[in-house]
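Starting from the known structure of chain A, fit chain B onto it as the hints suggest.
Protein chains: 2
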Amino acid sequence: MPTKKLINDPKNIIEEMLEGVVRAHPGHIRQVPGSPRSVVAVNGPRQGKVGLVIGGGSGHEPTFLGFVGKGLADACAVGNVFASPPPDPIVECAKAASRGAGVLFMYGNYAGDVMNFDMAAEMAAMDDIEVRTVLTTDDVASAPLDQKSKRRGVAGNFFIFKIVGAACDKMWSFDECERVARKANDHTFTMGVALSPCSLPHTLKHNFEIGENEMEIGMGIHGEPGVAREPLRSADAVTDEIMDRIFTELPTREGGKVAVLVNSLGSTPLMELYVMNRRVHQRLAEKGIVVHATWVGNYCTSLEMAGASITLLALDEELTELLDHPCDCAMFRAG
Amino acid sequence: MPTKKLINDPKNIIEEMLEGVVRAHPGHIRQVPGSPRSVVAVNGPRQGKVGLVIGGGSGHEPTFLGFVGKGLADACAVGNVFASPPPDPIVECAKAASRGAGVLFMYGNYAGDVMNFDMAAEMAAMDDIEVRTVLTTDDVASAPLDQKSKRRGVAGNFFIFKIVGAACDKMWSFDECERVARKANDHTFTMGVALSPCSLPHTLKHNFEIGENEMEIGMGIHGEPGVAREPLRSADAVTDEIMDRIFTELPTREGGKVAVLVNSLGSTPLMELYVMNRRVHQRLAEKGIVVHATWVGNYCTSLEMAGASITLLALDEELTELLDHPCDCAMFRAG
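Chains as they are written, first to last, in the UniProt record's numbering: chain A, 1 to 335; chain B, 1 to 335.
Next comes chain A alone, as it looks inside the complex (with noise of 0.2 angstroms):
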């Protein structure tokens, strides 16, 4: 059975919701005039600020557009559905994010979105904007971690970003800030499970099949294929086995500090999710880990896929005062 979509004609969706978006949170966003992809945030950017500029496919919401406010992205360039934005709305997100101090264009690690926002970096120096640029790559299932650079950027993105985006709002140095970026992709770990699929509003057809009784371990967010193909089992033996695979790279030891990210990727609800993050806080205080802080939710989506991720970020002084940093943004807002 196709899913059932509430839209109009699928041609016109992402201007049809980013209309929505931006009469739904005017004190936070808005479009660039003659540039409607380009979403900038309007107390944002300011003199001598590092600029930050995020941006990825649509259908993940509230990544990327929910992130963009003060103490987090200045500038977000809207893709259509699981499709990297061309470069030309990711040029004037700099344009608008830029006051003098450089820009970060920050964004999980995909072919397509590199591919564009390279060419835009190129674009944005020819107009005296210096642009730096850090991948996120979280996906701890998605290449051995010797191969880290070859791994997507997913859920984590909202832990890599806020950090970042407190950074630049403190108003660090470019260097400082690029620095901290690389840092906190570092210290940033995810894993996902997904248990159906979802639909793209064109096709109205499933983005990938899967048995009536299986889930897939380390699924991406676009359905790119996981690490295994499994009989679905209970809440707890599932989170077990994402986490078991965390911990074989998370320093964080005993006494150290972590915070918790518990995803849904569109439809599995927040019971579900709460039950999981239950036995992920089991499992840190066995190992003596302290929960620094723990957001539970619809953080990075796929459509209305099933399934959910977890996210550990390992947090040493200077990643917790970013962490806690305020931020208010249009889908999200802290401290």
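It is worth saying that the hints were derived from the structure and are not from the lab. Some clues are possibly wrong.
A pair counts as met if it fits within one copy or between any two copies, since identical chains are not told apart.
Straight-line alpha carbon distances no greater than 20 angstroms define the calculated SDA-like cross-link-like pairs of lysine to any residue that follow [to be verified]:
id, residue 1, residue 2
1, Lys11, Asp236
2, Lys70, Phe332
3, Lys11, Arg233
4, Lys257, Arg182
5, Lys70, Pro326
6, Lys257, Pro26
7, Lys70, Ala334
8, Lys183, Leu323
9, Lys70, Arg333
10, Lys70, Gly335
11, Lys287, Gly34
12, Lys183, Asp146
13, Lys205, Leu232
14, Lys205, Ser234
15, Lys257, His292
Fair warning: this is a prediction, and the values are worked out from it, not measured in the lab.
Positioned in the frame of chain A, the structure of chain B alone reads:
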């Protein structure tokens, strides 16, 4: 195909969810010792303040649990999935919320909830806690306007609780809190559309069946029958059908103000909600009605049901001031 769920033994699901909730939000909520189904705001109750107790069945998260916190509800009684809590945890909530100025019980108008909350009110009276009850009846599809007291409470709960929580937080008298509770309910109008069912954790069976190309306008949040089963139409057509129905009751005229809530019933993604929100704003603009504030997202869900609801709150100066009052809850923050 039954819904796949990330759960353990379904008979423990509420206790496990609650453990995950209090571990995630220890700064906001706690369970009453010996009464784990009674969840209380850490910084809510205080001397001389009217207590606000909400509650109902689980499966609608973040309703009700997520709206416990300073500036909103003081306590929440937690039932099983789609089932009222029994009197005992409600009484414990009343005790925890009571600081000598009276306790308001507010919850959706469902027979089981009315029975249990009324019994709890009698039991609380024996402990010298004065309880008054205001039922929410915002679902315009659930009974005709001249039988408003028969209507059910749905997503509009969010607006109503928020306003009353603000009045309590501002230390208004018991009479005034009760008055504004009834007024907020009378000014709140919700109507929903369901596209596909959810399934209960205990059975994994759909709570209703619906054709591959059908929708049901006005279906309740437990699958109660709506007002029309029709072929699925475009987002704009569906939004218009809902808005036209709400406009027949909305007292707001040209130049007047409303607040808007576009709510997912569970698996309908933000992209679709924002497309609908765009149309809601268009329709209001056509009538010269001003949107004071907009919320879009998962506020009152039915597990992973697909569909959405639209709520309009007709604002005057008093309701606007209360709606804008800050609150800081486990799963929601404003102001």
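Lys70 and Pro326: within-copy, between-copy, both or neither at 20 angstroms Cα: both (9 angstroms within a copy, 19 angstroms between copies)
Homo-oligomer pair classification [Ala334, Lys70; C-alpha up to 20 angstroms]: Both: 11 angstroms inside a copy, 15 angstroms across copies.
query: How would you classify Lys205 and Leu232 at a CA-CA limit of 20 angstroms: within, between, both, or neither?
result: between (23 angstroms within a copy, 17 angstroms between copies)
Same-copy or cross-copy closeness of Lys257 to Pro26 [CA-CA at most 20 angstroms]: between (37 angstroms within a copy, 16 angstroms between copies)
- request: Measure nothing new, just compare the shortest in-copy and cross-copy C-alpha distances for Lys70 and Gly335 to 20 angstroms and report within, between, both or neither.
  value: Classified as both; 12 angstroms inside a copy, 15 angstroms across copies.
- prompt: From the Cα coordinates, with 20 angstroms as the cut-off, is the pair Lys11 and Arg233 best called within, between, both, or neither?
  reply: between (39 angstroms within a copy, 16 angstroms between copies)
query: What label fits Lys11 with Asp236 when the C-alpha limit is 20 angstroms: within, between, both, or neither?
result: For Lys11 and Asp236, the Cα distance is within 20 angstroms only across copies (15 angstroms; inside one copy 41 angstroms).
query: For the identical chains here, do Lys257 and His292 meet the 20 angstroms Cα criterion within one copy, between copies, both, or neither?
result: Answer is within; shortest intra-copy Cα gap is 6 angstroms, inter-copy 41 angstroms.
Lys70 and Phe332: within-copy, between-copy, both or neither at 20 angstroms Cα: both (11 angstroms within a copy, 18 angstroms between copies)
- prompt: Which holds for Lys257 with Arg182 at a C-alpha limit of 20 angstroms: within a copy, between copies, both or neither?
  reply: within (19 angstroms within a copy, 46 angstroms between copies)
field: Lys183 and Asp146: within-copy, between-copy, both or neither at 20 angstroms Cα
entry: Only inside one copy: Lys183 and Asp146 sit 16 angstroms apart there, 62 angstroms across copies, limit 20 angstroms.
- prompt: When no copy is specified for Lys70 and Arg333, does a C-alpha distance of 20 angstroms or less occur within a copy, between copies, both, or neither?
  reply: For Lys70 and Arg333, the Cα distance is within 20 angstroms both inside one copy (10 angstroms) and across copies (16 angstroms).
In terms of the numbered hints stated before, the structure departs from hint 11 and from no other.
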